[in-house]
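My request is simple: use the sequences and hints to build the entire structure.
Below, each chain spelled out in residue letters.
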Amino acid sequence: METNKQTNIETYLNYEDKLKLNNLHTSYNIKKNSSYLSLIGIENKNILNIFKSYLLDIENTIYLDYPAIGILDEITDFDKTYIIDIFTLEDKSTIKDIVQYFRFNRDFIPENNIKLFILASFKTLDIFSELAYDFVTFCGFYGKFNDNNISFDYEVNEDKLNKLISEYKDFKPNTSKKIQINKMIDISKEAHYISSKVIELKYLQLALKKALKQKDDYLLGRIYNALGNYYYYSDFKISFLNYTSALKIAKKLNATDSQIKTLNNIGLISIENLDIDEAEQNFKMAKKLCEDSNNKKELGSTYINLSRIYIEKIDLDNALIMLNKALDVSINLDDKKLLTVTLSNFGSIYSSKYNYKKALTYYEKSLALSRELNDTNSILDTMYNLASIYNKIFNFIISYKYINEILTITNTLNNPHILISVYSLIAKIKLISLDFSEANDNILKSINLANQYDMEYQKYDTLFKSLEIYRYTNIDIFKQMIDSHKELNTHQIFLYEMGNYYFIKKDYKLSIKYSDKALNIFQEIKGLEYEILCLLSISNSYIALKNYNEAKLKLDLASTKAEEIQDMSLLVEVYLVYYDYYLYINDSDNSSKYYNKANYIIKNSNHKLFAKRLDDIKNKVSI
Amino acid sequence: MIKASNIIEIAQQFDPSQVLTTEDKDFHQNIYDTTINPLKTKLLLNQIPTKTYFLCGQIGMGKSTALNYLPDDKINAKYEVKYLTGKELFNIEDIDIIDILLMIGFELIKNTKLEEVYYEGLNKLKDINLENIKIGLEESWEYNQEDEKKQTNGINLNVHISKFESSIFKNLKKNTQQRQTIREIFNIDKANLIEFINDIISDYKEMINNDKELLLIIDDLEKINNKDIIHSVFVENNWIFNEINCVKIIPIHIFFPRMSASKDDLIELAFRIDNNKLDKTDDSKIVEANIKSLRELIESRLENKKLINNDAYIEVIRLSGGNIRQIIEIIHQASINNITKDSERKGTIIDTDDILWGADQISARLSKIADSKIRVLNQISNNFKQFEEPTQKDEDDFDIVLLNNLVFFHKNGTHWYDVNPIIAKTVEIHGNQQTN
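These protein sequences, in sequence, are chains Z and U.
Note that the first sequence covers residues 1 to 623 in the numbering used here.
Note that the second sequence covers residues 1 to 436 in the numbering used here.
It is worth saying that the hints were derived from the structure and are not from the lab.
Heads up, a few of these hints could be off.
Derived pair list, reagent style EDC-like, types lysine to aspartate or glutamate, alpha-carbon separation capped at 20 angstroms [to be verified]:
no.	chain 1	residue 1	chain 2	residue 2
1	Z	Lys357	U	Asp360
2	Z	Lys18	U	Asp371
3	Z	Lys561	Z	Asp507
4	U	Lys110	Z	Glu111
5	Z	Lys144	U	Asp371
6	Z	Lys353	U	Glu428
Quick look at the structure:
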C-alpha cells in the first residue's frame, strides 16, 4: 500500500494521525493474500475526499458509494479491494441498520477473502463500537482521522472602544470630573476586554491621576482593581499593591462584591508569588462572603480560584471537583463568561495532567464560547494555550496556524503581553525546524518587548526561554547570558541551564552539581517536566564520566517518569540518552532499539532538531 | 495455517477475523474441557430426538471454534452433523420464528434433489393457509371498513408470494414486505409448518441414508441482539425448537440466560484467569492451569516462541481477561505496531511496550461507550456484581457492558463479573472522580 499520494495525504494529518496512517499501511500490507477489514473514521467531507483519492490510488481498489443494506452483494471480484463509503449516512436509524447489516454478515468477509476499507463518520464509528463490537473485533485497523484545517474568521470589534474614546474626547471642559473618570474606566475595561493593553493602561493612568485629586474612594477602588488586573500580566508586585489598595477601599465602603473580587485577585497574585497558604486564605474568605451574600456568580469564580490552589498542591482530582462546581454555577446562571473561564481552566488542568487530548477539547470549547462573546482577551489567551498544546503534541502546523491568527488579531491591538509569549513560542518552533536565524530573531523580539514594557515576570520567563534557544543556536550568547546572570543561581530553571552550561564546557562534575541542585527544587515543587530533564542531564554527564551505573540509574528513573506522562518531547529526550548510553557500552541491540524508537517519532513529527541530535549521537557527537 | 516464524507471520496468524477450522487442529487448544466435554457426554447419552441445547458466551470466547471442534469420532459415529447458517436469509433486525423454521428447511434442501419437494410443499401449505384466511373472512363477513381492510390484506398475500421458489429466499433479507407476508401466511398454522419441516428432516435423513441421528448446529442466531426478538423467538416460541425432530445446538446471545427461566439446556462458555473475587475458597490451581493453557494457545501458533518475550506473554494474558479473541487482537495490533516502527518494516521481538500499545488500540474502540457507562463499570470494578437494586438504566447499561466486552462474566461457584483489564485503569480514574 505505497501510493504516490502518501506525501500528499500526510500534509493534511497531524502527528498522531500520521502514526495511524502508518499502522493502516502495515495492517493492509500484511493481509495482501487474505481478507482485510478496516473501519476508518473521517471527521468531515474535506478529509473524506482526501482519503477517497488516496485509497483509490492503491492498486486494485474499487469505490462503492452505495451505503445500503445488501452492499456486500455488490462485491463480486474477490481479487479487488473495495472502498465502501458510508460517510454520508446521517440518519441514526439508517446508520444503525447498516451497522447491524455489517455485523450480521461479518463472517462473509473472511469466508470470501474480501478486502474492505469502510469510510464512515465519527458518529457511525461510535455506533459500530456500541452496537457491533463483534464486527469491530474483526478489524485490522480501526481509527479516526481529524481534519487539520482550521478556518479562522474572527475579527476584533473595536467599534465600542472607538465610540467610548470618541465620547470621552467630545466631553466639554466643564463635564464633571466624576463622569470623565467613569468614562476613562469604561474605556480601559473595554480595552481590556478586546485586549488592547496600551490603551487600557493609558486611560487607567489618566483616570488614577484625576481620581486622586477628586479623592473619590469609589472611583479609586475601581481604578486600583483595574490596575491590578492590568499588572497581573506583567508585574505581580505592582498588581498586588493595587489590589491591596482596592481591598482597603472596598472594606471601608463595606462593598461586599468588590471585596470578593479583590480577595480573589489577591489570592491569584499570592499563587504567582508561590504563597499558596496566603492564596487559600483569601479564596476562603471570598467564598464565605459569597455564601453570606448569596453571590452565586462570584462563588463560581471563587471555585475556579480554589481549583488553582489544588493545582498548586498537585491535587488535580480535587481541582477538578472545584471546577465542576464552577461549571454547575455557570450552567445554572447561564453565565457564558464564567463558563468560558471554567472550560479554559479545565484545559489547563488536563494540560498539567499531561492529558493533552482532553486539554485541547476544553480549550476548543472555551475558544468557541469566547468567539461567541467577542471576548478578544480570552480568545487570544486560549489560542495561545492551543498553540502551546499543539506544539507539545508535535502538531506544528496547527500550532503555527493559531500563532498566525494571534498575530493577525494583535496586529492593531498593540498587546505586548501576548506577543512576548507568542514570539517565544515562534522561536521554539523555528528552533525545532532548525531555522536558527528566525528562532534568534523571535526570541530577541520577545526579550525586547519584555524590556520595553518593563514586565518583570515575563522578563525572567523570556530569559529562561531564550537560554534554551541560544543553547542550540548560539553557544557564545548562551554562555554570555549565563555569565551575566549568575545572580539568578537560586532559580531552578537557571540552575538547570547552568548544568547544561558546564556540560558544554565539559566540566561534568559541576554540571552534575547544578543539575542536581535544580532537580531537588523541581522535586520539591513537583515540576515533573524539568525533573525528567535534570535527570537526563545528570545521566548525560555520568555517561561522559564513564560512570555507566549511575548514568543508567538516573536514566531509568527519567524513563519511568516520562513513560508515565507520555509526553512525546520528553520521551524522545529519554530515547536519545538511552541510545547514546547503549552506544557507549557497545550494546548494539538496545542502541538500535532506542534509535528506532526515537527515529519513529522524529520521522513522523518532522522534528528537525531531534533529528539533528539523533544524527549527532549517531556520529558520536553528543550534545 | 502455518506456524509463525517472524513478526509479519505473527500478524497474519493472529487474525481476529479467522476462526479455526478442523484443518487447523495443530493450533487448537481445547480450553473448554469443563464445558464442552459434558456437552459431548450429554449428546452421546441423549435419547430425546427433538433435544435443543443453547450455547452462550461473550464475544470472542471461542464459540465458533468450540463448535467446529465439537464433533469427535464418537459424536460423528452417532450423529450426522450439519452446520446451518442464516446469513443468506435473515435480516438481523427483523427475525421471526417462522424465518428460522424456513431457514432450517432451506439450508437442508439447498443444492439437493429435495429442493423441488421443499418448494412444492411450501406452496401447498401456502394455498391451504390462504384458503383458510378466505374462509375465515367469509365466516365473519359483515360489510364494514375494518373487514374490507382484512380482505385487502388477504388479496395482497397472493400478490406478494405467487409461488415459493429459490429466488424468493435469495431476496428475503432485503424484502421487508415479503418477509411479513410469508410470516402471516405460516403463522395461521404453525403446527402445519413444523410438521412439514419435520417431513423435510425425514426426507433429508433418508437421502443421506446412514442411519445416524441428525445434529444441527445452527449458526448466526447468537447475533440477534434485539431483546424483543430474542424474547419472541427464544422465550415465547421456545416450545417450537423442541418440536423439531432432530438434535440441535444453537449459539445464542448473552441476553438470553437472563430472560429465560429454563437453564437446563444452556451451556455457558466462560474462561477466567483470576480467582473468584466473591468466593475466597476458590481453587487457584484452576487459574494457574488456565493461564498455562492460554500461553500454550499462543505458543501453538508460533514456530519461534521467542518472537514474543516472556514479559509480553504475561502481559498479553493479563490484559486479555481470558477472552481468546482479545488475546489474538492484542497480539495482532502489537505485531502491526512492531512492524510499523521497525525501520526495515520486518519487525523485531514483541515486547511489553508493543503489547500495551496493542491493548490501547482496542481500549480506544471502547473508550466512548465506557465513559457513558461508568456507574455500572465502577460498581463491577468495586463489587464484582450488579447493583443489589438496579434501576432500569442500570439493567440496560449492564447488558451493554456485557455485550461490548467491557465486563467479563465468570461462572465458577458464585457468579461474578470483572471489568475488562484493558479499560480497568480508565474505570478506576473515572470511578474515583465520580465517587468524589
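Hint-by-hint comparison with the structure:
1. Under the criterion of a C-alpha separation no larger than 20 angstroms, the hint pairing Lys357/Z with Asp360/U is consistent with the structure, at around 15 angstroms.
2. Between the alpha carbons of Lys18/Z and Asp371/U the distance comes to roughly 26 angstroms, so the proposed pair goes past 20 angstroms and is violated.
3. The hinted pair formed by Lys561/Z and Asp507/Z fails the criterion: a straight-line CA distance of about 27 angstroms is larger than 20 angstroms.
4. Among the hinted pairs, Lys110/U with Glu111/Z is consistent with the structure: their alpha-carbon atoms are about 19 angstroms apart, no more than 20 angstroms.
5. Between Lys144/Z and Asp371/U the alpha-carbon distance is near 18 angstroms, which keeps this suggested pair within the 20 angstroms criterion.
6. A hinted pair counts as satisfied when its Cα atoms are at most 20 angstroms apart, and Lys353/Z with Glu428/U qualifies at roughly 16 angstroms.
Going down the numbered hints, you'll see the structure goes against 2 and 3, while the others check out.
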